[in-house]
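Protein chains: 4
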Amino acid sequence: MLLYTYRSFDMELPTVDIKDADYIILGLPFDGTTSYKPGARFGPVLIRQATLNLESYILDYDIDIAELKIADAGDVALPVSIEDAIKVAVETIKEVRSINPRALPIFLGGEHSMTYPPVKVLEPKSYVVFDAHLDLRDSYQGSRFNHACVARRIHEMGVKVAIFGVRSGTREEVMFASQSGIEWVHARDYNFDAFVDLVSSLPEPVYVSIDVDVFDLPLVPETGTPEPGGLGFWEVIEALEWLTKRKKVAGFDIMEVSGDRLGNSTSITAAKLLFYVIGMSAR
Amino acid sequence: MLLYTYRSFDMELPTVDIKDADYIILGLPFDGTTSYKPGARFGPVLIRQATLNLESYILDYDIDIAELKIADAGDVALPVSIEDAIKVAVETIKEVRSINPRALPIFLGGEHSMTYPPVKVLEPKSYVVFDAHLDLRDSYQGSRFNHACVARRIHEMGVKVAIFGVRSGTREEVMFASQSGIEWVHARDYNFDAFVDLVSSLPEPVYVSIDVDVFDLPLVPETGTPEPGGLGFWEVIEALEWLTKRKKVAGFDIMEVSGDRLGNSTSITAAKLLFYVIGMSAR
Amino acid sequence: MLLYTYRSFDMELPTVDIKDADYIILGLPFDGTTSYKPGARFGPVLIRQATLNLESYILDYDIDIAELKIADAGDVALPVSIEDAIKVAVETIKEVRSINPRALPIFLGGEHSMTYPPVKVLEPKSYVVFDAHLDLRDSYQGSRFNHACVARRIHEMGVKVAIFGVRSGTREEVMFASQSGIEWVHARDYNFDAFVDLVSSLPEPVYVSIDVDVFDLPLVPETGTPEPGGLGFWEVIEALEWLTKRKKVAGFDIMEVSGDRLGNSTSITAAKLLFYVIGMSAR
Amino acid sequence: MLLYTYRSFDMELPTVDIKDADYIILGLPFDGTTSYKPGARFGPVLIRQATLNLESYILDYDIDIAELKIADAGDVALPVSIEDAIKVAVETIKEVRSINPRALPIFLGGEHSMTYPPVKVLEPKSYVVFDAHLDLRDSYQGSRFNHACVARRIHEMGVKVAIFGVRSGTREEVMFASQSGIEWVHARDYNFDAFVDLVSSLPEPVYVSIDVDVFDLPLVPETGTPEPGGLGFWEVIEALEWLTKRKKVAGFDIMEVSGDRLGNSTSITAAKLLFYVIGMSAR
Numbered sequence: 001m002l003l004y005t006y007r008s009f010d011m012e013l014p015t016v017d018i019k020d021a022d023y024i025i026l027g028l029p030f031d032g033t034t035s036y037k038p039g040a041r042f043g044p045v046l047i048r049q050a051t052l053n054l055e056s057y058i059l060d061y062d063i064d065i066a067e068l069k070i071a072d073a074g075d076v077a078l079p080v081s082i083e084d085a086i087k088v089a090v091e092t093i094k095e096v097r098s099i100n101p102r103a104l105p106i107f108l109g110g111e112h113s114m115t116y117p118p119v120k121v122l123e124p125k126s127y128v129v130f131d132a133h134l135d136l137r138d139s140y141q142g143s144r145f146n147h148a149c150v151a152r153r154i155h156e157m158g159v160k161v162a163i164f165g166v167r168s169g170t171r172e173e174v175m176f177a178s179q180s181g182i183e184w185v186h187a188r189d190y191n192f193d194a195f196v197d198l199v200s201s202l203p204e205p206v207y208v209s210i211d212v213d214v215f216d217l218p219l220v221p222e223t224g225t226p227e228p229g230g231l232g233f234w235e236v237i238e239a240l241e242w243l244t245k246r247k248k249v250a251g252f253d254i255m256e257v258s259g260d261r262l263g264n265s266t267s268i269t270a271a272k273l274l275f276y277v278i279g280m281s282a283r
Numbered sequence: 001m002l003l004y005t006y007r008s009f010d011m012e013l014p015t016v017d018i019k020d021a022d023y024i025i026l027g028l029p030f031d032g033t034t035s036y037k038p039g040a041r042f043g044p045v046l047i048r049q050a051t052l053n054l055e056s057y058i059l060d061y062d063i064d065i066a067e068l069k070i071a072d073a074g075d076v077a078l079p080v081s082i083e084d085a086i087k088v089a090v091e092t093i094k095e096v097r098s099i100n101p102r103a104l105p106i107f108l109g110g111e112h113s114m115t116y117p118p119v120k121v122l123e124p125k126s127y128v129v130f131d132a133h134l135d136l137r138d139s140y141q142g143s144r145f146n147h148a149c150v151a152r153r154i155h156e157m158g159v160k161v162a163i164f165g166v167r168s169g170t171r172e173e174v175m176f177a178s179q180s181g182i183e184w185v186h187a188r189d190y191n192f193d194a195f196v197d198l199v200s201s202l203p204e205p206v207y208v209s210i211d212v213d214v215f216d217l218p219l220v221p222e223t224g225t226p227e228p229g230g231l232g233f234w235e236v237i238e239a240l241e242w243l244t245k246r247k248k249v250a251g252f253d254i255m256e257v258s259g260d261r262l263g264n265s266t267s268i269t270a271a272k273l274l275f276y277v278i279g280m281s282a283r
Numbered sequence: 001m002l003l004y005t006y007r008s009f010d011m012e013l014p015t016v017d018i019k020d021a022d023y024i025i026l027g028l029p030f031d032g033t034t035s036y037k038p039g040a041r042f043g044p045v046l047i048r049q050a051t052l053n054l055e056s057y058i059l060d061y062d063i064d065i066a067e068l069k070i071a072d073a074g075d076v077a078l079p080v081s082i083e084d085a086i087k088v089a090v091e092t093i094k095e096v097r098s099i100n101p102r103a104l105p106i107f108l109g110g111e112h113s114m115t116y117p118p119v120k121v122l123e124p125k126s127y128v129v130f131d132a133h134l135d136l137r138d139s140y141q142g143s144r145f146n147h148a149c150v151a152r153r154i155h156e157m158g159v160k161v162a163i164f165g166v167r168s169g170t171r172e173e174v175m176f177a178s179q180s181g182i183e184w185v186h187a188r189d190y191n192f193d194a195f196v197d198l199v200s201s202l203p204e205p206v207y208v209s210i211d212v213d214v215f216d217l218p219l220v221p222e223t224g225t226p227e228p229g230g231l232g233f234w235e236v237i238e239a240l241e242w243l244t245k246r247k248k249v250a251g252f253d254i255m256e257v258s259g260d261r262l263g264n265s266t267s268i269t270a271a272k273l274l275f276y277v278i279g280m281s282a283r
Numbered sequence: 001m002l003l004y005t006y007r008s009f010d011m012e013l014p015t016v017d018i019k020d021a022d023y024i025i026l027g028l029p030f031d032g033t034t035s036y037k038p039g040a041r042f043g044p045v046l047i048r049q050a051t052l053n054l055e056s057y058i059l060d061y062d063i064d065i066a067e068l069k070i071a072d073a074g075d076v077a078l079p080v081s082i083e084d085a086i087k088v089a090v091e092t093i094k095e096v097r098s099i100n101p102r103a104l105p106i107f108l109g110g111e112h113s114m115t116y117p118p119v120k121v122l123e124p125k126s127y128v129v130f131d132a133h134l135d136l137r138d139s140y141q142g143s144r145f146n147h148a149c150v151a152r153r154i155h156e157m158g159v160k161v162a163i164f165g166v167r168s169g170t171r172e173e174v175m176f177a178s179q180s181g182i183e184w185v186h187a188r189d190y191n192f193d194a195f196v197d198l199v200s201s202l203p204e205p206v207y208v209s210i211d212v213d214v215f216d217l218p219l220v221p222e223t224g225t226p227e228p229g230g231l232g233f234w235e236v237i238e239a240l241e242w243l244t245k246r247k248k249v250a251g252f253d254i255m256e257v258s259g260d261r262l263g264n265s266t267s268i269t270a271a272k273l274l275f276y277v278i279g280m281s282a283r
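Those protein sequence lines, which keep their order, are chains R, C, G and H. Under my numbering, the first residue of the first sequence carries the number 1, and numbering increases by one thereafter. Under my numbering, the first residue of the second sequence carries the number 1, and numbering increases by one thereafter. Under my numbering, the first residue of the third sequence carries the number 1, and numbering increases by one thereafter. Under my numbering, the first residue of the fourth sequence carries the number 1, and numbering increases by one thereafter.
Extracted from the complex, chain R is given alone in its bound form (with noise of 0.2 Å):
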């Protein structure tokens, strides 16, 4: 067991070791700068749960992801702060990294805030997230780390960002993204051109974050703060398919799913994805 995990809910597939494994997930239970709606702290054990749902056999890829290499990591124990939180969750990374660095680490959010220990340990050259806030306020509601200021942290590390899905900003946010070469599509005007035009000429490795709340509403109501007018799911997936297929890949997260109820919608949503994302990789 690593320094601050604990075994969360086990996914009835069978798992190896890390040190053994291809595919790592790890969660990380935080929700201390929610601002909205609370309870991403049970998403980790929400989408394990609702993998019991699924088959572990991926129709499209002709692939059972049960027959691969997967570590589940079991959930990293964050004191209640943002700031310590960040600490523990970097230090946990990095012991999973030392056990076995070539794995694809898979994290399950807790807050979008989570996202800023992993790119600062893996350290890509760009950032594409798909996500119905821009996320690029410099501070909010006292803390430089909530979740409404990720992208911007991220962007100051030197990476290249890119955001998918948009419905909801201020007008300090799009200025800071046109100034800092930021990119962004709305969800209005979001289809597979508009994402492969812009994603084509990122650097690589990418690492890869789906805030859950870039998916319409109906898809994802338990979330910290939801917006109506969002993607499909199939439509996040093609994207992810294509990505998975050109770039190399640093890490994906699934990020905000809420909710306190077992097999909540969202939870399935992003279950799904989960395997998908694990599926696609092995393609």
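None of these hints come from the bench; they were simulated from the model. A few of these clues could be false.
Note: identical chains are not told apart, hence a pair may lie in one copy or across any two.
Below 30 Å or equal to it, Euclidean Cα-Cα: the simulated DSSO-like pairs (lysine-lysine) are [stated by the list, open to error]:
#1 Lys245 - Lys19
#2 Lys37 - Lys272
#3 Lys120 - Lys272
#4 Lys37 - Lys69
#5 Lys245 - Lys37
Fit chains C, G and H to the supplied structure of chain R, relying on the hints for placement.
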């Protein structure tokens, strides 16, 4: 404070007094004639509370509604019987108009029966309504002012009626519509051009009513009489954007938001609609 | 309006300005250190909205609190971190006291960590608290101001602490209590006489805090750290009636109301408690 | 790992291997014959997740169960049919007993039908059960192993049966009980002395089964066949405290926890019961 109102939920938007406002919000929390799922009385507080989740800046229009002069006149304390509720609502709307006749009034329902008082006071030339139901019954469950009769009562005031997104009505209502020259578009036949064709010829000013059950069911599960197979969020926004550009609007309402859970999908959808309606009207 | 507050939900009670009030209500919607079920940030709005369900006339005291001078100072907009939240809360409570030092302050939580600011400002001689938990930890999940430490911090201010309805604590907390002369009564041993025996000797003024999880679980299912085997509603009311008659009370708070459903059991229980606390204080 | 088990939810309690344990927890997540409200399959994960809410220190016994040797053997992956599920459960319990025959086994339901396998393997002399229902039907909905028949099957194994907290049964079950010398106490007649009188004379060892629907309905709203008018939390604890002092106990189970909401009242009540059962058994 107005005669019969109480300050519902504070939207954390900077607001001005009624006399200085360009936009006036007034809640009509009545659900006395709801036939299926009661609870629309909570609509006004649910919509306002859901706005905590939203940015006041509208990306699409580069307009921050926090910079506009918005007054929140609170909710009207409505008596139980529909006739008395209409009287009290009419009196309160007249009181608001007497204080400020030029501001754009936006009413938050409450049942669709509460669209009758605003139209009665504002006396628009035409009535554009997004609704899953025709609402052209002569009387229903013993009342001629039931929510299922509101479009007929408005037609009888000599107002030109056009209904979009319909997918429920009786043969009698369909016959009445054709005999009375009331045009409506089935949800299955709805598209932008059908909307423009029909609305272009309507006399001004136009009163615009959005019964949230026009949206597809998953967006608005918590509403009085839910119906599957409705319109998408951006479909309705796009039509309203065209209308607010081409026609003088006498007023708006967002009706039939229900349920009892803070931040439920229906109230999130209605809150986003409210901010976009104000934003597009300020373009 | 106070510096950091926003008007939450209007209780439909006739209210007066802070300077003219005999009773002042202030919401502290913070849940940044909740360990199990987050959502106490919705407490203040849930409690007020639930008062719509209640008569203002208290049968038991033949007192109608609608005839009292009650001010609703709204909710404090609290930053995300516990330390900053305490600073802002202390400042706002001082601001209220400067406007009106003689009125009885009643605070609505929000987590039990928010009892620290009122006690810090009001400087009572003793602290009577109804709680399922001892809350005598020195620090918890990385913070000394965690909700699980609040009684210890208050003890360290030299305030005499007495805890009733306890059914959860660590060995370390039990030892700290016995070494520090902090008396507490287990829920299984609680009765009126045990309360009177212990409270009679306490120095005045007394600050009274009610963590709603003292009540039996079915009354308050929506609370941060629920526990079965608690006290009955009238058991707590009876004790408060005796105390408000015998001792000078510096202030009250009703903490840990959570959930997201308007009119949930916990908020109904808390709203009734709020009206009774005001009514009994006016006898 | 055992043949048919998967590690459910990690209770954050320090645990030991099965062979070294004094207490072994095993989940039997089966709800194949539930007649009214299905969902008991979620019981084991709900109970474990609810323990996150509790201190491991039991005030009443000055015992910290985190210092005890507890093994969590996970949940048994049970097939759909009741007969197969019983076979797999019996095999797994035998496997556990072969690894460690002296530890106290505690089973988490799952339906009350899953009490049959433990009793079959452990072969106690008597069976003390807290239940709102007699469960003495010969067969129900086509199965002799339906949850409503479990007490009859156990009686037929020659085990002395005593049932407490009953408030539901058929005339046929009542006649069978009287003809078979099965004693039971109606919830309305239940008190500590009635329990002691009946249990004192029972032969040892005793298997103790707690169907959570024995508790009063508000404590356990999420259970397979809920019944109003049940026992209080401390009433059952008090009886178990007496029994674990006087009689050799072969095993415990906590059955019929259901629902799908993390931290629902039923799972909180069952989790507290689980910790008290372990604590009292270590006195």
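**Report entry** Index of numbered hints that the structure contradicts, given in increasing order
**Finding:** 5
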